[in-house]
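Colleague: For chain Z, the structure is supplied; the task is to place chain Y on it using the hints.
Number of protein chains: 2
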Amino acid sequence: MDKYFINRRSVRNFTDRPVESSLLNEILTAAAKAPTCGNMQLYSVIVTRSPQRKAELAKQHFSQPATNAPVILTICADFNRFTRWCQLNNADAGFDNLESFISATADAIILAQQITTIAEQEGLGTCYLGTVTYNAPEIAGILNLPELVVPVACLALGWPDGPGIETERLPLEAFVHEETYRNDSDQEIISLFKSKEQYPANIQFVKENNKDNLAQVFAEIRYPRAMNEAFSQKLKDYLQSAGFLK
Amino acid sequence: MDKYFINRRSVRNFTDRPVESSLLNEILTAAAKAPTCGNMQLYSVIVTRSPQRKAELAKQHFSQPATNAPVILTICADFNRFTRWCQLNNADAGFDNLESFISATADAIILAQQITTIAEQEGLGTCYLGTVTYNAPEIAGILNLPELVVPVACLALGWPDGPGIETERLPLEAFVHEETYRNDSDQEIISLFKSKEQYPANIQFVKENNKDNLAQVFAEIRYPRAMNEAFSQKLKDYLQSAGFLK
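Listed in order, the protein sequences are those of chains Z and Y. Everything in the first sequence is counted per our numbering, starting at 1172 for the first residue and increasing by one. Everything in the second sequence is counted per our numbering, starting at 1172 for the first residue and increasing by one.
Isolated chain Z (complex conformation) (with noise of 0.2 Å):
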């Protein structure tokens, strides 16, 4: 098996050397090879390199460092362009729907995931800014998104500056299950979560936040109820108003 899958790392630091449009384009053309929902490719891939609307973006991003690469992808859940197509061959798209959205989504994150992996096996560094869709209707602004086109992942792409860091991952039996979803009993999750909370960034990651637990700093500091209900509505929103939602 290749190394290269459980020695990769996301990367938030970038040095100034450009991404060439040459290979971004063969990146993009192999990674569109990935599977696709009835091969209908629901998405599309705003590339963004101009500093000012790179910053216009970091601020919906919160401003967090991985903002700073030299390209910024968008990537969006789609269903105008193929709607569009259908209407000018008469033919009646009933798209503007939540499972459509779902369907469209799959296939962005999918062609999200294929540009990831084939630009870090060319050396380049990748992450995703998870933030894409808590400001999902500015950011649609900025790119000038028309209805049916939704941003589901972001991308910040670029040549690393230095290697990303490592972290840590729950053990196989905590996410595997045989046949049937597996009932663990408390002490079973907790022991699931046990080399987790020993990881040493972690520890500092409690000990800095002032936390009686990692588990705190993640449901109170990172993701609090307050904070994901908000965008939560917000989210609904704007799917309404992009015209997936009734």
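Check before you lean on any hint, since a few could be wrong.
Identical copies go unnamed one by one, so any copy, or any two together, can satisfy a pair.
[As the list claims (entries may be wrong)] The list that follows gives simulated cross-link-like pairs (lysine-lysine, DSS-like), each with its CA atoms no further than 27 Å apart:
(1) K1407 / K1204
(2) K1417 / K1407
(3) K1367 / K1204
(4) K1365 / K1204
(5) K1225 / K1407
No wet-lab data here; the hints were simulated from the structure.
Modeller: Okay, now just chain Y, sitting in the frame of chain Z:
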């Protein structure tokens, strides 16, 4: 660039040769090094090998040929494990909402695509079963999924019985936009889909379905509005009962 990416094809026919557990576990371990939202690993993988359970799942996937694979992987957006861990640590877990569902869906699909790539590079064949969200509640029943666990990707996995079928892709300019979303004219949209319409298998597809053009086959036979809307309503109800929508 590794020629694998540009040459890969999905595989729908498999030999009887089993997929060894040790190989599958090696693939899953490596795949879990894929990026994940805040390193929360918001996914689970249910491994189905039992012929009886595979037959039950196949019915929910409309008995498509790939369901004959030796292994079916159902990959779920999972906030159940993380929520239980938070609760056991006296942390207020607020992940019962749409934003959290979308984050977990992204995690699950990134993982699914990483499994696909690693498995294919090991010589295995894979095929996504795009039907997974159509009958998500029935699949959840078969696999005993608890609340906050929703199947969002499904992979058939096995040793290929012959090569997969090559499929065409849109030209790069169809889905790549520089700086902002291009507002294509009707003529440009028609032109972007021209090579797809002229692809021999697609010409055949239109003939077999007695339609005027390819767009009508997609919008009226394969993915008709009434079906999309019925499955959307069902998915919305299911996301509510699974705890991700209020």
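Colleague: Each hint: holds or not?
Modeller: Here is how each hint holds up against the structure:
| no. | hint | in the structure |
| --- | --- | --- |
| 1 | K1407 / K1204 | neither (31 Å within a copy, 31 Å between copies) |
| 2 | K1417 / K1407 | both (10 Å within a copy, 11 Å between copies) |
| 3 | K1367 / K1204 | between (36 Å within a copy, 14 Å between copies) |
| 4 | K1365 / K1204 | between (39 Å within a copy, 18 Å between copies) |
| 5 | K1225 / K1407 | within (26 Å within a copy, 35 Å between copies) |
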